[in-house]
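A.B. asks: Generate the whole structure from the sequences, applying the supplied hints.
Top line first, the protein sequences correspond to chains Y and B. Our numbering numbers the first residue of the first sequence as 10 and each following residue consecutively. Our numbering numbers the first residue of the second sequence as 13 and each following residue consecutively.
Do not rely on the hints blindly, as some may be mistaken.
[Unchecked claim] Which residues of chain Y face chain B? A partial, calculated answer using Cβ under 8 Å:
id	residue
1	K11
2	L12
3	A16
4	T19
[To be verified] Pairs of lysine-lysine, DSS-like flavour, derived with a Cα cap of 30 Å:
id	chain 1	residue 1	chain 2	residue 2
5	B	K127	B	K91
6	Y	K21	Y	K11
7	B	K91	Y	K11
8	B	K133	B	K150
9	Y	K21	B	K217
10	B	K220	Y	K11
11	B	K150	Y	K11
12	B	K133	Y	K21
13	Y	K11	Y	K110
14	B	K229	Y	K21
15	B	K91	Y	K27
16	B	K217	Y	K11
17	B	K150	Y	K27
18	B	K150	B	K91
19	Y	K249	Y	K279
20	Y	K21	B	K91
Simulated from the structure, these hints should not be mistaken for laboratory data. Note that CB positions come from ideal geometry on N, CA and C, so glycine has one too.
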Amino acid sequence: MKLIDIASFTSKSLVGAKTRTALMILAMSIGVAAVVVLTALGEGARRYVVDQFSSLGTNLLIVFPGRTETKGNMPGMLIGETPRDLTLDDALALLRSRHVKRIAPLTLGSGLVSLGRRNREVPVIGSTSDLLEIRHMTLLEGRFLPQIDPRNAVPVCVLGMRVKEELFGSSQALGRWVRIGDRRFRVVGILSAQGQSLGFNTDELAIVPVASAQMLFNIPSLFRILVEARSRNDIPLAQKDVERIFAARHEGERDVTVITQDAVLSTFDKILRALTLAVAGIAGISLAVAGILIMNVMLIAVAQRTREIGLLKAIGATGNQIRRLFFFEAAILSLVGAISGWLLGEFGAKVIAGLYPSLPIAPPWWAIAAAFATSLATGVLFSLLPANRAARLDPVQALSRR
Amino acid sequence: MIRLENISRLFQVGEQTVSALNEVSLEINPGEYLSIMGPSGSGKSTLLNLIGLLDRPSSGLYTFDGEDVTHLSEALQAKVRQEKIGFVFQFFHLIPRLTASENIELPMMLAGIDKAERMAKSHRLLQDFGLLDRASHKPEQLSGGQRQRVAIARATVMQPRILLADEPTGNLDRASGMEVISLLEALNAQGMALVVVTHDPEIGKRAKRQVHMIDGKIVSGGS
Ligand SMILES: Nc1ncnc2c1ncn2[C@@H]1O[C@H](COP(=O)(O)OP(=O)(O)OP(=O)(O)O)[C@@H](O)[C@H]1O
Ligand SMILES: [Mg+2]
Numbered sequence: 010m011k012l013i014d015i016a017s018f019t020s021k022s023l024v025g026a027k028t029r030t031a032l033m034i035l036a037m038s039i040g041v042a043a044v045v046v047l048t049a050l051g052e053g054a055r056r057y058v059v060d061q062f063s064s065l066g067t068n069l070l071i072v073f074p075g076r077t078e079t080k081g082n083m084p085g086m087l088i089g090e091t092p093r094d095l096t097l098d099d100a101l102a103l104l105r106s107r108h109v110k111r112i113a114p115l116t117l118g119s120g121l122v123s124l125g126r127r128n129r130e131v132p133v134i135g136s137t138s139d140l141l142e143i144r145h146m147t148l149l150e151g152r153f154l155p156q157i158d159p160r161n162a163v164p165v166c167v168l169g170m171r172v173k174e175e176l177f178g179s180s181q182a183l184g185r186w187v188r189i190g191d192r193r194f195r196v197v198g199i200l201s202a203q204g205q206s207l208g209f210n211t212d213e214l215a216i217v218p219v220a221s222a223q224m225l226f227n228i229p230s231l232f233r234i235l236v237e238a239r240s241r242n243d244i245p246l247a248q249k250d251v252e253r254i255f256a257a258r259h260e261g262e263r264d265v266t267v268i269t270q271d272a273v274l275s276t277f278d279k280i281l282r283a284l285t286l287a288v289a290g291i292a293g294i295s296l297a298v299a300g301i302l303i304m305n306v307m308l309i310a311v312a313q314r315t316r317e318i319g320l321l322k323a324i325g326a327t328g329n330q331i332r333r334l335f336f337f338e339a340a341i342l343s344l345v346g347a348i349s350g351w352l353l354g355e356f357g358a359k360v361i362a363g364l365y366p367s368l369p370i371a372p373p374w375w376a377i378a379a380a381f382a383t384s385l386a387t388g389v390l391f392s393l394l395p396a397n398r399a400a401r402l403d404p405v406q407a408l409s410r411r
Numbered sequence: 013m014i015r016l017e018n019i020s021r022l023f024q025v026g027e028q029t030v031s032a033l034n035e036v037s038l039e040i041n042p043g044e045y046l047s048i049m050g051p052s053g054s055g056k057s058t059l060l061n062l063i064g065l066l067d068r069p070s071s072g073l074y075t076f077d078g079e080d081v082t083h084l085s086e087a088l089q090a091k092v093r094q095e096k097i098g099f100v101f102q103f104f105h106l107i108p109r110l111t112a113s114e115n116i117e118l119p120m121m122l123a124g125i126d127k128a129e130r131m132a133k134s135h136r137l138l139q140d141f142g143l144l145d146r147a148s149h150k151p152e153q154l155s156g157g158q159r160q161r162v163a164i165a166r167a168t169v170m171q172p173r174i175l176l177a178d179e180p181t182g183n184l185d186r187a188s189g190m191e192v193i194s195l196l197e198a199l200n201a202q203g204m205a206l207v208v209v210t211h212d213p214e215i216g217k218r219a220k221r222q223v224h225m226i227d228g229k230i231v232s233g234g235s
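C.D. replies: Given below as structure tokens:
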């Protein structure tokens, strides 16, 4: 029997039972679509987090007060007694390491930025001139914080795009004075629009010299210290140096935590990849369900077509030929189901991507390949039993039925 | 051509063993025309199915053109059916979703013959059988007599050595029944051996050789 004849014979029998065929294709395509959409979501979340972390900077180390038990722990889960504060001198001491390229101390507070009667409450960051490079920020106009001794409080500030627009509208802001809290600052630069970056919207903040921020909020300590290592290879060495320097300054106590961007990134990457896989696996179960459905319906089809099978045998079909016909039918069903499920899934992913434009949602190729393979495999596997039953049918019995 | 020697066919029904055929011997020569008659349950269909290789005997020997076909594999038996045997059934057994022409092409399709040749052959048969205008009709659009003629076309399209018909008129009225019988006889006249199982003595009498069966045994007309 020629392949083209097998194809036309089976497609005629599929078209002949429209409802049955449509239902099976629907079941299969829902399974495949579920895999495609869910993995697209998982991948989107993973890529989003990875992008966010990468956009923080390169070869970055983050120092914060307190100690976590193991390296893998998330920042913020602090254990033990109140840790010693980070100081500006601590931060400057880190520059002694050969492996450290530059540092940026960070203080953080919330302040009311006002110009005349217009005002706005925004996060205020205190830092140094190197923050611009370390955090990969860019300026729309003007300059960043001046390169001065960080211990000096200078009344200048850099504003985010949105803050500038709300206070000044379209008029010139550079050189004008604004009030932050109870102090006056001269605007020296405007950040270009960057949008959300890991919880911080750089469009909606104000940056002032670290010493000014400490005075403004009346806090002597630092919130974080950002450290940029000289190169990727310097990251672990820089981390060791930073820990050693702190130990020396804090009488041997290891009371700060240093995390590297790389470690955090790869942890997130691993977690989210595992999550995506798990979700894909769960969606895959629906494919198996579709497979069982196919088996059931194929069994019914064999029973309904008993006479036809008997006749085919009487006119010279071998058991193998019959088996092949039913196999082919299942394969066509799974393939059409997989293709329509894939299209459905891509469409679903597009819709979700439209709803959440900031998430880079796209189904990964491996998930599509896996969904296709699984649907074909289940389709063929679950048609094994019905096809065999058809092949073994006794023609005399089959034909004796009316 | 066909030689059955001491063929028995037993069926196990629960505890009981039913003997459908009991030590039957029969010889059929090329181009022969024979009818098989007998009361219901006498084993006529069982005998025909055995000749058609749809069933295997419990014991005995069956040779076709000198070759022992009793013990052939399933696939080789299928090949013999395909090349040498044509079946005509009481209930036609046409595939409802295929047209008359496609139904006729079916055995050639299984044999791997290509579409052009299949269409040419089925066209010729449809013409010979007066069904040309019905070529693209589905079985449900045909009368009983027409359906049986399509089924006969399907049975003969591979030019078998023997045609086996089990009650070919059983589902037809008198007139179309006679049409079908004449068609079968015309094919026999062209050299195909013909075996007709029938309850109808009038039809049975038309055959040159009449086999009578009772209780799984041939009582007259056997060799
Ligand atoms: N699959 C089977 N299982 C059990 N017994 C069977 C089977 N097939 C046939 N028989 C028995 O074998 C005997 C012969 O049956 P067969 O169908 O050959 O009779 P028949 O002469 O064709 O009858 P009819 O004229 O009614 O068609 C019957 O007693 C029948 O009950
Ligand atoms: Mg019978």
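A.B. asks: Looking at the structure, which of the earlier hints fail to hold?
C.D. replies: 2, 3, 4, 9, 10, 13, 14, 15 and 16
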